[in-house]
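These protein sequence lines are chains A and B, in that order. The first sequence begins at 336 in the working numbering and counts up by one. The second sequence begins at 336 in the working numbering and counts up by one.
Treat the hints with care, as some may be off.
One copy or two, either will do: identical chains are not told apart, so a pair holds if it fits within one copy or between any two.
List time: in silico BS3-like cross-link candidates among lysine-lysine, alpha-carbon distance up to 27 Å [claimed, not checked]:
#1 K677 <-> K663
#2 K603 <-> K663
#3 K494 <-> K466
#4 K677 <-> K494
#5 K677 <-> K603
What the hints contain is simulated information worked out from the structure, not anything from laboratory work.
There are 2 protein chains.
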Amino acid sequence: MTRIAIPDDSLFGLANLPYGVFSTPGTAPRVGVRVADSVVDLTVVDDVFAAPALNPFMAQGRARWVEIRERILELVTGDIDEAAVHPVGAVTMHMPFEVADYVDFYASEHHASNLGRLFRPDSEPLTPNWKHLPVGYHGRAGTVVPSGTGIVRPSGQRKAPSDAAPTFGESRRLDIEAEVGFVVGTGSPLGSPVGADDFDERVFGVVLVNDWSARDIQAWEYVPLGPFLGKSFATSVSPWVVPLLALESARVATPPQDPEPLPYLREKNPWGLDLDLTVSWNGQVVSRPPYREMYWSPAQMLAHMTVNGAASRTGDLFASGTVSGPAKDQRGAFIELTWGGKEPVDVNGEPRTFLEDGDEVSISATAPGPSGARIGFGEVTGRVLPAR
Amino acid sequence: MTRIAIPDDSLFGLANLPYGVFSTPGTAPRVGVRVADSVVDLTVVDDVFAAPALNPFMAQGRARWVEIRERILELVTGDIDEAAVHPVGAVTMHMPFEVADYVDFYASEHHASNLGRLFRPDSEPLTPNWKHLPVGYHGRAGTVVPSGTGIVRPSGQRKAPSDAAPTFGESRRLDIEAEVGFVVGTGSPLGSPVGADDFDERVFGVVLVNDWSARDIQAWEYVPLGPFLGKSFATSVSPWVVPLLALESARVATPPQDPEPLPYLREKNPWGLDLDLTVSWNGQVVSRPPYREMYWSPAQMLAHMTVNGAASRTGDLFASGTVSGPAKDQRGAFIELTWGGKEPVDVNGEPRTFLEDGDEVSISATAPGPSGARIGFGEVTGRVLPAR
Numbered sequence: 336m337t338r339i340a341i342p343d344d345s346l347f348g349l350a351n352l353p354y355g356v357f358s359t360p361g362t363a364p365r366v367g368v369r370v371a372d373s374v375v376d377l378t379v380v381d382d383v384f385a386a387p388a389l390n391p392f393m394a395q396g397r398a399r400w401v402e403i404r405e406r407i408l409e410l411v412t413g414d415i416d417e418a419a420v421h422p423v424g425a426v427t428m429h430m431p432f433e434v435a436d437y438v439d440f441y442a443s444e445h446h447a448s449n450l451g452r453l454f455r456p457d458s459e460p461l462t463p464n465w466k467h468l469p470v471g472y473h474g475r476a477g478t479v480v481p482s483g484t485g486i487v488r489p490s491g492q493r494k495a496p497s498d499a500a501p502t503f504g505e506s507r508r509l510d511i512e513a514e515v516g517f518v519v520g521t522g523s524p525l526g527s528p529v530g531a532d533d534f535d536e537r538v539f540g541v542v543l544v545n546d547w548s549a550r551d552i553q554a555w556e557y558v559p560l561g562p563f564l565g566k567s568f569a570t571s572v573s574p575w576v577v578p579l580l581a582l583e584s585a586r587v588a589t590p591p592q593d594p595e596p597l598p599y600l601r602e603k604n605p606w607g608l609d610l611d612l613t614v615s616w617n618g619q620v621v622s623r624p625p626y627r628e629m630y631w632s633p634a635q636m637l638a639h640m641t642v643n644g645a646a647s648r649t650g651d652l653f654a655s656g657t658v659s660g661p662a663k664d665q666r667g668a669f670i671e672l673t674w675g676g677k678e679p680v681d682v683n684g685e686p687r688t689f690l691e692d693g694d695e696v697s698i699s700a701t702a703p704g705p706s707g708a709r710i711g712f713g714e715v716t717g718r719v720l721p722a723r
Numbered sequence: 336m337t338r339i340a341i342p343d344d345s346l347f348g349l350a351n352l353p354y355g356v357f358s359t360p361g362t363a364p365r366v367g368v369r370v371a372d373s374v375v376d377l378t379v380v381d382d383v384f385a386a387p388a389l390n391p392f393m394a395q396g397r398a399r400w401v402e403i404r405e406r407i408l409e410l411v412t413g414d415i416d417e418a419a420v421h422p423v424g425a426v427t428m429h430m431p432f433e434v435a436d437y438v439d440f441y442a443s444e445h446h447a448s449n450l451g452r453l454f455r456p457d458s459e460p461l462t463p464n465w466k467h468l469p470v471g472y473h474g475r476a477g478t479v480v481p482s483g484t485g486i487v488r489p490s491g492q493r494k495a496p497s498d499a500a501p502t503f504g505e506s507r508r509l510d511i512e513a514e515v516g517f518v519v520g521t522g523s524p525l526g527s528p529v530g531a532d533d534f535d536e537r538v539f540g541v542v543l544v545n546d547w548s549a550r551d552i553q554a555w556e557y558v559p560l561g562p563f564l565g566k567s568f569a570t571s572v573s574p575w576v577v578p579l580l581a582l583e584s585a586r587v588a589t590p591p592q593d594p595e596p597l598p599y600l601r602e603k604n605p606w607g608l609d610l611d612l613t614v615s616w617n618g619q620v621v622s623r624p625p626y627r628e629m630y631w632s633p634a635q636m637l638a639h640m641t642v643n644g645a646a647s648r649t650g651d652l653f654a655s656g657t658v659s660g661p662a663k664d665q666r667g668a669f670i671e672l673t674w675g676g677k678e679p680v681d682v683n684g685e686p687r688t689f690l691e692d693g694d695e696v697s698i699s700a701t702a703p704g705p706s707g708a709r710i711g712f713g714e715v716t717g718r719v720l721p722a723r
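Use the sequences and the hints to build the structure in full.
What follows is the structure, encoded as structure tokens:
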């Protein structure tokens, strides 16, 4: 038997306890919990964790999430079978859940305004609907990949305004979007909207998302039906799902909304999340997007997504859209940070605009926990591989 | 033992043999094949058909699809165990496959031009990209439902151009889109585009699709990221998947494409499908959309969808977008047929524009088979239920 040592300043202390799917040379993929620098095999708690995805556990609902969290807390603070404890550096992390539908929102006013100026310089930056509803669209669930997956530079049609016709080739404007994603635990049936105050019953946890974006492909294709191939080549998620139950101390008021949203988008106690994101480009921090600045709240996104009666399912992932704050060094996409490539940023002494082959981007985040503790989200990382 | 009688003019003769998932009071959902007015339980052929979805069989690949089709032909033309044969009227049909990702294209030039005129009257009807690539977007896989599922009228935000602000309420412009859907059998890995000549290896079969659309919700929400809640409340599919192997005689040349598409969209032998669709509104035929008029071919859609390296998966459904021909009575959506509601059509003696509660819409189709036979697709049907 052993005891797990948990430093007071660990981002993976007892207030966090995030879930992930890991394997070792001798252990098939299964669910584990991260505690300090260890991963604890949760099959010692319940057989539901023998699955190679969190979906069966998430589908059991909130009462079980609470119960299991208490049992995990007992387990990891007591004497524990050494065979169930692995150093985090000795395991391979996998996709933590099977993605049902993937929806991407556009909930940052700063990001939407910046992109509007860049993509539609002759129009108002925000479209007329933007302050009335959380604009969103469906992405490709089948290309959501775990952190660490290499990102092959996509090819496709691009046409600059000055070109007479589109050409085919590698994307020259490969970008990131630093986002926060919400994972649905218990779905809602067709015809039953999820109310803005019912979020906690439905949503299991939170991940970090890098919504890789090929801006040249996107700019040419996206009218009138929205982004498609400019996004669908890959979307990366962090390996640890931080339970919503761990984020009580991270709740903050949302920015004022004007005009007041329609009743189905009103929460009794509107809340956002005080997450501090960090974007690193080849190891150098280039941006610190603050999630607390997001205009539309997580509960508003879920209420909107289902208000037409659309069903939700265990494993649905809905992401916030790029997290950008008001300051330049708070922008969560390189197209904003470099103003369409016209204002390079310094990356290890080199002026850089869009991603080059071999570049690595990591997005990490922390949030306040109880009693001054910090909750870590780990990171979502990806390296750009040359086009095939 | 029994023999199945197959009239010469059956739409479900030996040239068709479509697959579906059925159940009876004594039989759990499983895969069957339709022959004339019978459904034959395919678990007598192979255990893979005991699954409540076609996915495991589809994943086995084209060589198996060919082999099993031959074995089914032998089975249903010989003496067959009575217990394996059910009258089609005595079974319940289910979703024939589990949908992985759902993509909706916009491949009819007539439809795209009509919608452009209606949604963007001050612009060119076709966006600049339309003749260079098959425009498409991701839809909601979790709300693809089998024929016969009641369609609850969705509610959401609507704003007419004359309104000062959006209001919330029932959609007043509920519409259909008559489409043809393609079901991926064998997926392709991340980073490996499917060539325009590799369609037959990947695509298992064809279904009819009704992409129910709330035009008032769609018109307000769709800029800049595309349709979302105006579509995601429900998409209906027909219960029978017609194998691509049954459609050799239905292949026709595609309309000329000008400009010539980029190389990745060129097929050695470009082919479309000579499907005759019929749209019935409360039992009255209101439109006969011809699939042969579609500008972008099925193989071009799949090649485009994966050219950026996006993976495809068993169960991916990609639909053509509304099938509309050049004539008014060939339009596959009511917004086109009634020109935005301004030119009502006669339905059983009443002038009608958009769908009313209780309305039922059925879309059916046939295609040429070998030796003068016709291949039937059955129908996709749905009745509008009042908003909740």
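Each hint tested on the structure:
1. Taking the shortest alpha-carbon separations for K677 and K663, only the intra-copy value of 14 Å comes in at or below 27 Å, while the best inter-copy value is 49 Å.
2. Taking the closest pair of Cα atoms, K603 and K663 never come within 27 Å of each other, the shortest separation being 33 Å inside a single copy and 50 Å across copies.
3. In the homo-oligomer, the alpha carbons of K494 and K466 lie at most 27 Å apart only across protomers (13 Å), although the nearest pairing inside one protomer, at 31 Å, exceeds that limit.
4. Taking identical chains as interchangeable, the C-alpha atoms of K677 and K494 lie at most 27 Å apart only when both belong to the same chain, with a minimum of 18 Å there against 37 Å between chains.
5. For the homomeric pair K677 and K603, neither the shortest alpha-carbon distance inside one copy (44 Å) nor that between copies (42 Å) is at most 27 Å.
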